[in-house]
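If you read the protein sequences in the order shown, they are chains Y and C.
Counting the first sequence from 1 gives a position; the numbering used here is that position plus 1.
Counting the second sequence from 1 gives a position; the numbering used here is that position plus 1.
It is possible that some hints are incorrect.
Said to hold, decoys possible - In silico SDA-like cross-links for lysine to any residue, where the CA-CA straight-line distance does not exceed 25 Å:
1) Lys313(C) to Tyr223(C)
2) Lys313(C) to Glu348(C)
3) Lys313(C) to Lys313(Y)
4) Lys313(C) to Ala324(C)
5) Lys313(C) to His148(Y)
6) Lys313(Y) to Trp286(C)
7) Lys313(C) to Arg126(Y)
In case anyone wonders, no lab produced these hints; they're calculated from the structure.
Each chain, letter by letter, is given below.
2 protein chains.
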Amino acid sequence: MEAILDGLRVLEISAFVAAPLGGATLAALGAEVIRVDPLGGGVDLRRWPLHRGRSLYWQGLNRGKRSVMLDLRSRRGRDLVARLAAEMGTVLTNLPEREPLTYPRLCERRPDLVMVSITGRADGRPAVDYTVNAGLGFPWITGPEGHDRPVNHVLPAWDVATGYLATTGLLAAERRRLLTGHGGLVRLSLEEVALVVAGHLGLLDEARLVGEPRGRFGNHLYGTFGRDFRTRDGRYLMVLALTPRQWHGLARATGLPFERIPADLTDEGERWRHRREIGDLLEPWIGERTLAEVAATFEAHEVLWGPYRTFKEVVAEIDREPAVALDFGGERPPAGPASRPGEHTEEVLRELGEDVEELRAAGVIA
Amino acid sequence: MEAILDGLRVLEISAFVAAPLGGATLAALGAEVIRVDPLGGGVDLRRWPLHRGRSLYWQGLNRGKRSVMLDLRSRRGRDLVARLAAEMGTVLTNLPEREPLTYPRLCERRPDLVMVSITGRADGRPAVDYTVNAGLGFPWITGPEGHDRPVNHVLPAWDVATGYLATTGLLAAERRRLLTGHGGLVRLSLEEVALVVAGHLGLLDEARLVGEPRGRFGNHLYGTFGRDFRTRDGRYLMVLALTPRQWHGLARATGLPFERIPADLTDEGERWRHRREIGDLLEPWIGERTLAEVAATFEAHEVLWGPYRTFKEVVAEIDREPAVALDFGGERPPAGPASRPGEHTEEVLRELGEDVEELRAAGVIA
């Protein structure tokens, strides 16, 4: 079977997470993706985590792409990128657009161009995941109960959501291009992605309609039963009961006298209101058992649960790291190494019919 | 301009976040999306947050769709859904597949069917965002420094990423169908989405290659400079310097004697190593000023920063809540209300040519 995005060609002009994640995802689905960076590398080339001076972050976000480096400060370098963009037909970027790398100018060369442009704020001003998240409310409801400061997420969740939504937007525009021949410019911002997601989850309407502001509930899952527990051997696990069936499973698995709690605990709101009492019963039951013992009982009763792991435990236990989480039924490539930065500069420029030696002499490439 | 996904018809069989978010996104882009639920509603119909007994969560995740309710426990009800799936041509689901609502059986009715199936774990076993996140390592590196327990995220980030990646997968399969006439089954799991994202961010390679486990650094952004500060008027803000340019902007904006710190602070690693000294200088500077004063100075010097806001502050300040963050240049619909659960049961079944009164008498619909 051919790769699912066979024939799609994407030029990526990017840094950090959102556009590179989008490009790496498209590449893993079989698109040809070329990432362009300035001479010497972009601002994210040495982003931590590092290993022996190499950025594991850059490597992880740029798998499956060809890497081209050019003097992007020079008009000639940017003109070359514009030629390449026209040739590829699709552009994915999260950097400020500079002439001639703007949608209208690129369309002069390639009328059916599809271009996806990611910004920080909706009006184009800069913002990053960590300012967007601060501005949205989540840091005030994340973290230990009683903590009096905001708690940032470490996962750049808005970058990730934006990167994946960007590929959705790109493929939506590609669909229209296939059907009508018309390209288009697709814009999205980290700020609006975050706002729209908060809206989908009901958090904006809650803030509008409910008098009391949302509290901070630590590791409790709001509005139902779910929290962390510690086992006898010092491991931690999450236990949840989102549905009546899961609640019955938990009750059967533990045999605990939840019926002493004077409420209909098959109702999620009642589980939430009585989360302390439920937890008080579960805590010693789990605390007297090892993780392995709890696991065996919970699995036998289809309890919704899972152990906490550190990243070191994760890599010790996984046997496979696919390049993309989408499985179309064929062989999926494993997550391979990224190219060496600038590795394909000459190759790509030769394919464009350029005189590589002359470009080097002119300082446009290294 | 026609909506970008004009002509795409999607049947959604879903609950909770990932598939409903995907369906709502496709609907906001102009696809016709019908969500099917069991009689009386699915397990997520009353999920918190609530307002006057109505789930703001369900409302937020089901905008723009038509809602159909059928007796899904009966073979006849499931057969009707299978007919509807064949008619629509595309299925998006995150529920266990039951006959005849499986890909092979649906293909008998509609050979070019595209079906996107989301599971919790890669092997199809159940998992939810909160167990997947526990199992991946993030809770041990999130939250206040010195805290000795895992810290859960409140944002179901893996549900969100999976929902958006599902739409990418759906449109990738739709592209192949347009080009070749072949449909296909697309599988993805919350567990693998989380694993792949951690891999992209370098966290898995870090755990493999770096001896020391990643620490917990509170609101500091790992490997560069970024953290929260409190202003004189009791507001909090994030300040970051990810690039040399942003670092120079911060130094100019504050006029603080960062040159006394004996390191080249244009290097991100040096900013990380000296984050305490940088913070010690910035803390009183910000603490002596109001948020408005800091904002004016930072904006004038293009500092990368942003205030923390509560959800109540967010909704007081925003003037627009779009239905989707993707902007294709036309009018974007605002985030509208969801349908009443089951509102379109009769309408949709009549379009299928069914005898609605007979179905009601048989108990297949309410």
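Subject >> Given hint Tyr223(C) paired with Lys313(C) - CA-CA distance at most 25 Å >> reply: violated (29 Å)
Subject >> Given hint His148(Y) paired with Lys313(C) - CA-CA distance at most 25 Å >> reply: Distance ~19 Å between Lys313(C) and His148(Y) Cα, so the pair holds.
**OP:** Sort out whether Glu348(C) lies within 25 Å of Lys313(C), counting only the CA atoms.
**Re:** Judged against 25 Å, a Cα distance of about 38 Å means the pair is violated.
**OP:** Take a quick look at whether Lys313(C) and Ala324(C) sit within 25 Å of each other, Cα to Cα.
**Re:** holds (20 Å)
Subject >> Restraint status (C-alpha distance of Lys313(C) to Arg126(Y) at most 25 Å) >> reply: holds (23 Å)
Original post:
Given the hint that Lys313(Y) pairs with Trp286(C), does the C-alpha gap stay at or below 25 Å?
Top reply: Since the Cα atoms of Lys313(Y) and Trp286(C) sit roughly 39 Å apart, the hinted pair is violated (cutoff 25 Å).
**OP:** With a cut-off of 25 Å on the C-alpha distance, tell me whether Lys313(C) and Lys313(Y) pass.
**Re:** violated (39 Å)
Hints 1, 2, 3, 6 from the list above are not met by this structure, while the remaining hints are.
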